[in-house]
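Using the sequences provided together with the hints, build the complete structure.
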Amino acid sequence: MNDNRRYDVNLFRPKPGYMRDEVKVILLVLVGWGVLTFGFQLLLRLFAEPVTGESWLTRLSFFNLPLHFWFTGQFLPLWFVILCALFNLFIDKLTERHSRRRDFRDERHLH
Amino acid sequence: MSDTSTNLVPLMIVVGVLASFIVVGLLTKAKEATEYLFAGRYIGRVGGGAAIASNWMSAASLMGMAGLIYLYGYLALAYVIGWTGGYVLLLVLLAGQIRRFGKYTAPDFVGERYASPTARLIAAVISIAISVIYCVAQFKGIALLFGWLLGLPYRSALLVGGISTILYVVISGMLGVAKNQRMQYFVLIVSFILPLMFLARKLGYFWILPQFGYGAAIDGLSHEAQRQFVTPFASGSLFQWVALCFTLMVGTGGLPHVLSRFYMVPNIRDARWSVVWGLFFIALIYWSAPAYAVFGRLMETRLGITLDPDTARSMADLVIIKTAVMGGLPQWLVGVLAAGAMSAAFFTVAGLLMTGAASISYDIYYRLINQRASEANRMAVAKGGTLVLALVVFLLALEPRGLIAEITAIAFALAGNTIFPAFLLGIWWERANRHGVIAGLLTGVLVTFAAPLFGGAFPLVAQLLPVTSSAIIGAPLVILVMIGVSLVTPPPPEEIRRFLAEEVHGHMD
Chain A
162 MNDNRRYDVN LFRPKPGYMR DEVKVILLVL VGWGVLTFGF QLLLRLFAEP VTGESWLTRL
222 SFFNLPLHFW FTGQFLPLWF VILCALFNLF IDKLTERHSR RRDFRDERHL H
Chain B
816 MSDTSTNLVP LMIVVGVLAS FIVVGLLTKA KEATEYLFAG RYIGRVGGGA AIASNWMSAA
876 SLMGMAGLIY LYGYLALAYV IGWTGGYVLL LVLLAGQIRR FGKYTAPDFV GERYASPTAR
936 LIAAVISIAI SVIYCVAQFK GIALLFGWLL GLPYRSALLV GGISTILYVV ISGMLGVAKN
996 QRMQYFVLIV SFILPLMFLA RKLGYFWILP QFGYGAAIDG LSHEAQRQFV TPFASGSLFQ
1056 WVALCFTLMV GTGGLPHVLS RFYMVPNIRD ARWSVVWGLF FIALIYWSAP AYAVFGRLME
1116 TRLGITLDPD TARSMADLVI IKTAVMGGLP QWLVGVLAAG AMSAAFFTVA GLLMTGAASI
1176 SYDIYYRLIN QRASEANRMA VAKGGTLVLA LVVFLLALEP RGLIAEITAI AFALAGNTIF
1236 PAFLLGIWWE RANRHGVIAG LLTGVLVTFA APLFGGAFPL VAQLLPVTSS AIIGAPLVIL
1296 VMIGVSLVTP PPPEEIRRFL AEEVHGHMD
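Same order as they appear, the protein sequences are chains A and B.
The number in the working numbering is simply the position in the first sequence, starting from 1, with 161 added.
The number in the working numbering is simply the position in the second sequence, starting from 1, with 815 added.
Just so you know, the hints here were simulated from the structure itself, not pulled from any lab data.
Built from N, CA and C at the ideal position, the CB exists for glycine as well.
Incorrect hints may have been included.
[Stated by the list, open to error] For each label pair, taking beta carbons as the anchor points, the in silico distance ranges come out as:
| hint | chain 1 | residue 1 | chain 2 | residue 2 | range |
| --- | --- | --- | --- | --- | --- |
| 1 | A | 250 | B | 1213 | 46 to 54 Å |
| 2 | B | 989 | A | 181 | 19 to 27 Å |
| 3 | A | 189 | B | 1117 | 46 to 54 Å |
| 4 | B | 1202 | A | 208 | 51 to 59 Å |
| 5 | A | 223 | B | 1080 | 36 to 44 Å |
| 6 | A | 208 | B | 974 | 50 to 58 Å |
| 7 | B | 1080 | A | 181 | 21 to 29 Å |
| 8 | B | 1304 | A | 192 | 30 to 38 Å |
| 9 | A | 236 | B | 1295 | 55 to 63 Å |
| 10 | A | 223 | B | 1299 | 30 to 38 Å |
| 11 | A | 178 | B | 1213 | 51 to 59 Å |
[As the list claims (entries may be wrong)] Derived lysine to any residue pairs resembling SDA-like cross-links, with alpha carbons at most 20 Å apart:
| hint | chain 1 | residue 1 | chain 2 | residue 2 |
| --- | --- | --- | --- | --- |
| 12 | B | 1198 | B | 908 |
| 13 | A | 185 | B | 1084 |
| 14 | A | 185 | B | 969 |
| 15 | A | 176 | B | 975 |
| 16 | A | 254 | B | 986 |
Next up, the structure:
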């Protein structure tokens, strides 16, 4: 069993180093993805008045649309684009940092 | 508008646009040989994004989505969110890792990762089923468009449309037409948004960005239509909204032809950024779809038409065309709109039938039946497979059970209940083994079709696992089954665990 442990791959127990940093970014993005998408629908339901189903979220208007319609139909797709761009920025930076560290380590090894 | 006459001008435009793809494809093929040395096949991040978007666009996006929003208003925004939010999952959880894993197709990945020919076979059959269901929806869209263009009843139009699609696939293949996905996306976006701008202008709304101008039109709807359209959960409960949305999201992350964009990309960093562009290009179309739905309702209000629910449902899939006609757009512009939807459906069918046939020929015939099959032999099986699949799709499309986007959603549910968990655990948990994945894939298939199979006897099953939205319960359940079964059976071979730890997740160590 001891031998098996060397190849541990687990989203919830990432190995220290690049993978741990990467998983942190992944989980952050997923939280932003889930909370805004599903959390907002939950809010809509919580505030919904009986019979009409309306609330302040549906009465306010934004860009000529009821706020909730604007948020779901127009803002969320944009939010996903933003999340993907942020993820890429972080991963690009992460990759650069770790490859510099790796190059540095390899160089010291050579000398 | 009469339903039995031919619409000649739009027909000519549709044929012209489809033919121009062949001509341009032939021209680029001739040019490619000389340009190859300089430009190579590098298309850049924006071009890569256009390719992702055109690979994604189908009759479901261009016809079905507007139709469902027209019918169900806010509930159907779950399609808009599901089909964009899924790319977040795909990008952050799978894209980079499957590139480093480096297999060619979904069954190939499952077969290699879990070291099991049985798992490969099940994954291949599931991928083929996904392609077939997806194509049924496309065939329905093609038939409706041909029906409108030629003034034919549904089944005759399906026959004409089906034969035209297959001929188009065969001719393009024989001529070796190069796929130009950037041009495809350009045609799709122009054909969808230009008529919308005309409509908005004609109706007196902000036409420069009709995606944002349609809001004012909601005020013009009758009170009832307005309530139906805007009020959250008027047409479905919170659970229905969330279940549908979640299903479409995980389905996006499990669709074989979407995943296949990442297996062999030359540069994962460019591929990741092209997802951002691709998602933006997809969103451009999805921001516009609700506008067609609102304008359609508005025109009905203005013309004093009230449709009973059944009639509305039967015309919903053609709502973009009907709206354009009711709005009095010039014939050629309606033709442009139809041409965009038609080419999206054609290209989707072409891509999916070829993916499906490749799976029959490689994953089933070559890997499992005849390992000594020659290249020519495998080609013959692939070609035969394409025709057999097309026939199956045709037969299923004779009696379509739902609207275009609903049929497509079943394919997403199947993908989300099977391929997505197999990839997710395959990448992120080294302990997942072949017993786990086989049990998981079979559970996923069962869950997907639980409502039609057992819904009659157990109404609760139909309520909890609607056939378009089963993955909200299905995907987590399949993941649990995979974990449970894997833990009570021996771990997968050391070789594959080392590969996962060192190559897929250890490339930076």
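Taking the Cβ atom of residue 250(A) and the Cβ atom of residue 1213(B), is their distance within the range 46 to 54 Å?
holds (50 Å)
Honestly, do residue 223(A) and residue 1080(B) meet the 36 to 44 Å range at C-beta?
holds (38 Å)
Are residue 223(A) and residue 1299(B) spaced within 30 to 38 Å by their CB atoms?
violated (46 Å)
With respect to the beta-carbon atoms only, verify the hint that residue 1080(B) and residue 181(A) lie 21 to 29 Å apart.
holds (25 Å)
At the C-beta level, are residue 189(A) and residue 1117(B) separated by a distance inside 46 to 54 Å?
holds (48 Å)
Hint check for residue 208(A) and residue 1202(B) - Cβ pair distance inside 51 to 59 Å:
The hint (51 to 59 Å, Cβ to Cβ) holds, given that residue 1202(B) and residue 208(A) are roughly 55 Å apart.
Verdict for residue 1304(B), residue 192(A) (Cβ pair) under range 30 to 38 Å
Holds - the Cβ-Cβ distance for residue 1304(B) and residue 192(A), about 33 Å, lies within 30 to 38 Å.
Mind checking the hinted window 55 to 63 Å against the Cβ distance between residue 236(A) and residue 1295(B)?
Roughly 33 Å apart at Cβ, these two residues miss the hinted range, so it is violated.
With a cut-off of 20 Å on the C-alpha distance, tell me whether residue 185(A) and residue 1084(B) pass.
Cα-Cα ~19 Å, so holds.
Would you mind confirming whether the straight-line C-alpha gap from residue 185(A) to residue 969(B) stays at or under 20 Å?
violated (52 Å)
Hint check: residue 254(A) vs residue 986(B), CA-CA at most 20 Å. Holds or violated?
violated (47 Å)
Residue 989(B) paired with residue 181(A), Cβ distance criterion 19 to 27 Å:
violated (53 Å)
In this structure, the earlier hints numbered 2, 9, 10, 12, 14, 15, 16 are contradicted, and the remaining ones agree with it.
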